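Number of protein chains: 2
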Amino acid sequence: MQKRYLLAPGPTPVPPEVLAVMAQPIIHHRTPEYREIFAEVNDGLKYVFQTKNDVLTFASSGTGAMEAATANLLSPGDRVLVVEGGKFGERFREIGEAYGVEVVPIVVEWGKPVEPEVIKQKLKEEGNIKAVFTTLCETSTGVVNDIKAIGEIVKAEEAVLVVDAISGLGAMELRSDDWNVDVVVAGSQKGLMIPPGLAFVSVSEKAWNLVRESKLPKYYFSFLKAKESLNKTDHPFTPAISLVIALREALRKMKKEGLENILGRHARLARAARAAVIALGLKLFAPQAPSNAVTAVKVPEGIDGLALVKNMREKYGVTIAGGQSQLKGKIFRIAHLGYVDTFDLIVAISALEMALSELGYKVELGAGVKAAEEVLLKR
Amino acid sequence: MQKRYLLAPGPTPVPPEVLAVMAQPIIHHRTPEYREIFAEVNDGLKYVFQTKNDVLTFASSGTGAMEAATANLLSPGDRVLVVEGGKFGERFREIGEAYGVEVVPIVVEWGKPVEPEVIKQKLKEEGNIKAVFTTLCETSTGVVNDIKAIGEIVKAEEAVLVVDAISGLGAMELRSDDWNVDVVVAGSQKGLMIPPGLAFVSVSEKAWNLVRESKLPKYYFSFLKAKESLNKTDHPFTPAISLVIALREALRKMKKEGLENILGRHARLARAARAAVIALGLKLFAPQAPSNAVTAVKVPEGIDGLALVKNMREKYGVTIAGGQSQLKGKIFRIAHLGYVDTFDLIVAISALEMALSELGYKVELGAGVKAAEEVLLKR
Chain R
1 MQKRYLLAPG
11 PTPVPPEVLA
21 VMAQPIIHHR
31 TPEYREIFAE
41 VNDGLKYVFQ
51 TKNDVLTFAS
61 SGTGAMEAAT
71 ANLLSPGDRV
81 LVVEGGKFGE
91 RFREIGEAYG
101 VEVVPIVVEW
111 GKPVEPEVIK
121 QKLKEEGNIK
131 AVFTTLCETS
141 TGVVNDIKAI
151 GEIVKAEEAV
161 LVVDAISGLG
171 AMELRSDDWN
181 VDVVVAGSQK
191 GLMIPPGLAF
201 VSVSEKAWNL
211 VRESKLPKYY
221 FSFLKAKESL
231 NKTDHPFTPA
241 ISLVIALREA
251 LRKMKKEGLE
261 NILGRHARLA
271 RAARAAVIAL
281 GLKLFAPQAP
291 SNAVTAVKVP
301 EGIDGLALVK
311 NMREKYGVTI
321 AGGQSQLKGK
331 IFRIAHLGYV
341 DTFDLIVAIS
351 ALEMALSELG
361 YKVELGAGVK
371 AAEEVLLKR
Chain B
380 MQKRYLLAPG
390 PTPVPPEVLA
400 VMAQPIIHHR
410 TPEYREIFAE
420 VNDGLKYVFQ
430 TKNDVLTFAS
440 SGTGAMEAAT
450 ANLLSPGDRV
460 LVVEGGKFGE
470 RFREIGEAYG
480 VEVVPIVVEW
490 GKPVEPEVIK
500 QKLKEEGNIK
510 AVFTTLCETS
520 TGVVNDIKAI
530 GEIVKAEEAV
540 LVVDAISGLG
550 AMELRSDDWN
560 VDVVVAGSQK
570 GLMIPPGLAF
580 VSVSEKAWNL
590 VRESKLPKYY
600 FSFLKAKESL
610 NKTDHPFTPA
620 ISLVIALREA
630 LRKMKKEGLE
640 NILGRHARLA
650 RAARAAVIAL
660 GLKLFAPQAP
670 SNAVTAVKVP
680 EGIDGLALVK
690 NMREKYGVTI
700 AGGQSQLKGK
710 IFRIAHLGYV
720 DTFDLIVAIS
730 ALEMALSELG
740 YKVELGAGVK
750 AAEEVLLKR
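So the sequence lines, in the order shown, correspond to chains R and B.
Heads up, the first sequence stops at 379 in the numbering used here, and the numbers go up one at a time, no gaps.
Heads up, the second sequence stops at 758 in the numbering used here, and the numbers go up one at a time, no gaps.
Everything labelled a hint here was simulated from the structure, so no lab data went into it.
Please note: incorrect hints may appear among the correct ones.
To be verified - So the derived label-pair ranges between C-beta atoms look like this:
| hint | chain 1 | residue 1 | chain 2 | residue 2 | range |
| --- | --- | --- | --- | --- | --- |
| 1 | B | Ala418 | R | Lys255 | 35 to 41 angstroms |
| 2 | B | Lys635 | R | Ala20 | 25 to 31 angstroms |
| 3 | B | Ser736 | R | Asp234 | 27 to 33 angstroms |
| 4 | B | Leu685 | R | Lys310 | 54 to 60 angstroms |
| 5 | R | Pro15 | B | Glu536 | 50 to 56 angstroms |
| 6 | B | Lys611 | R | Val107 | 27 to 33 angstroms |
Unchecked claim - Heads up, simulated SDA-like pairs for lysine to any residue below, C-alpha to C-alpha not over 25 angstroms straight-line:
| hint | chain 1 | residue 1 | chain 2 | residue 2 |
| --- | --- | --- | --- | --- |
| 7 | B | Lys604 | R | Ala98 |
| 8 | R | Lys87 | B | His407 |
| 9 | B | Lys594 | R | Ala98 |
| 10 | B | Lys707 | B | Ala686 |
| 11 | R | Lys328 | B | Pro411 |
| 12 | R | Lys232 | B | Pro411 |
| 13 | R | Lys225 | B | Leu595 |
| 14 | B | Lys689 | R | Arg35 |
Fair warning: this is a prediction, and the values are worked out from it, not measured in the lab.
Note that the Cβ used here is the ideal one computed from N, Cα and C, for glycine as well.
From just these sequences and the hints, can you work out the full model?
Written out as structure tokens, the structure reads:
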């Protein structure tokens, strides 16, 4: 018998009451019953996105919605700025390249946030930039970018601002409208607490102007088709019904807790996680601008990072994430994202202490848990 | 209290044991536990597709996979034949046009199957055709096309054959390999008996040759990326985990019943449905080549087709489908697709009799059920 604990940055744990609705008999989507659910979901998404703009829902993973943003906003040869400070920033570049868009990269050292001033300068230097792509939380490095400051800069320009908030939404503040974010991309399996399979895009009026001019090919991910259907509380293509119904349940929970409390909970858990790993003598990978969704930690000298993640999963049933791409084996990542509370974090830190000890790292057992508790006490 | 019965051609009813697994705690996809599930799913898909080719799985609705077939096989300006005999044939044309592909349509009267000879002739006349797009069952009209004969024709040509089997797979015979179908597109919420949100594409060696040359833009739906990951029993992007797990359960049921028995069950239910509506004095919309997945019936003179569907749903809790596009209000469609057995059909016919009677159509109550029973008796 081994209980399982999921602390990876997506998929994140799904609340039991949300899981339960997925076990109910499926209903048809072109019925009043479904339309009522979808209408409530659309309202709930606007609440979480902090926007008055429409939020479009697609049956896909978050990457589908990232691609949709490119295909719907741009035309062949358009020039865009892409902030590349991790795997998901790189993905925006790869998508742009796949679509024949001219990508001007802003390369940022992995583990560091982008300096908003650099974006300002690049926009001036380059001229004729249609869109700026960046991430709220770069999941691969555990960094949060200063979207408010970036929004202030891009607002004054012709370009639109596209933010990948896939792993940040519901964990970090993102005032889409107040901060002038034109397109926010999100996924279902992170702060929204449901399984993977839905992706979301909010679209500002400034962005709709680009959408109407866009010449890149699209069909399934067409914003115009999605919007036309949304006006009738419908979808252009069969939606992932059971996930939409799960989302209603999750959004009800989020409204009940309140966005401010949700963000406060993530901040508290993230502070505790950081305090714990520092108390264990470990080093944060992104100390300058650490995300509240996931804490990235350097694997200490002499320890096998892959073995650490494997040991935690196999011996203790605790799933965290390792590093991706160039960071494989070099960092590990503990998520505190979505349906996660005090003792999920305590479990993760406790498992980390035991696994590190087993792998030969000198660790004072309980020191991380103690440091976490000291933070968690101060509600 | 009103019990609900779903007899629409997608979503179709989901077996309780399949629903139950979706209520289990979510697991991470980059774990041995998930890989084992996905490996079993991949084997099961090959069984149902009757193919040795790889079957790629995407988190999307079926339309996403239809678009994927176009984006992955073709290059700008390529010429394709599209059989247009209903809404889903039209969709292939629309996708082709969105991608700058030159579409040569073969327009077929709605309710009729395509004559394979017409395809043969068109291929000769037009020359330089890269792909032929057609449907197994055209859900919008209840027609089944003769894919075996079409495969025999296209096999001899340079073109590849792409078949939309979204609503046909698991209901009608489709021997992908034996019949030389290069690309089979399918969705999850039909014969595969799980909720919507997954789409599938099988790809033959002949088709892979086109994929490697294709210049149309794609990223999320890239066959090459999906294949590269599949070789490691992985996905390039976060999969719709709970649906994949549900699919394993559904495929286990299908293997247990056996494909031949499944197809036999659909044939029997379809025969019963046709006998029932004819006994009620109604006319089949597609008598020449009726699908075993869905029976399309002409709305009788003087009856409001929309009111009929609405009455059955609201008064009796029985969801069937109306007509789409040009057939709106003119036909209704009773699906017998997926997790459907004897008494699901009896319920549908009984509700139909009562609803027709209420709307003022002269109907001998019980005559449809009697005719259905006469067929259903002969197992």
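Each hint, compared with the structure:
Between Ala418 (chain B) and Lys255 (chain R) the Cβ separation comes to about 40 angstroms, which falls inside the hinted range of 35 to 41 angstroms. Between Lys635 (chain B) and Ala20 (chain R) the C-beta distance comes to about 27 angstroms, which sits within the given range of 25 to 31 angstroms. Checked against the given bound of 27 to 33 angstroms, the beta carbons of Ser736 (chain B) and Asp234 (chain R), roughly 31 angstroms apart, stay inside it. Separation of Leu685 (chain B) from Lys310 (chain R) is about 58 angstroms and conforms to the stated range, judged on CB atoms against 54 to 60 angstroms.
In this structure the hint that Pro15 (chain R) and Glu536 (chain B) lie 50 to 56 angstroms apart at CB holds, the actual value being about 54 angstroms. For Lys611 (chain B) and Val107 (chain R), the Cβ-Cβ distance of about 29 angstroms falls inside the hinted range of 27 to 33 angstroms, so the restraint holds. With a CA separation close to 13 angstroms, the supplied pair Lys604 (chain B) and Ala98 (chain R) stays within the 25 angstroms bound. The suggested pairing of Lys87 (chain R) with His407 (chain B) holds, with an alpha-carbon distance near 19 angstroms, which does not exceed 25 angstroms.
With a C-alpha separation of about 9 angstroms, the suggested pairing of Lys594 (chain B) with Ala98 (chain R) holds against the 25 angstroms cut-off. Between Lys707 (chain B) and Ala686 (chain B) the alpha-carbon distance is near 12 angstroms, which keeps this suggested pair within the 25 angstroms criterion. For a cut-off of 25 angstroms, the pair hint linking Lys328 (chain R) to Pro411 (chain B) stands: about 18 angstroms separates their Cα positions. Our distance criterion of 25 angstroms between C-alpha atoms is broken by Lys232 (chain R) and Pro411 (chain B), whose separation comes to about 43 angstroms.
For a cut-off of 25 angstroms, the pair hint linking Lys225 (chain R) to Leu595 (chain B) stands: about 21 angstroms separates their Cα positions. Our distance criterion of 25 angstroms between C-alpha atoms is met by Lys689 (chain B) and Arg35 (chain R), whose separation comes to about 15 angstroms.
Hint compliance for this structure: hint 12 alone is broken.
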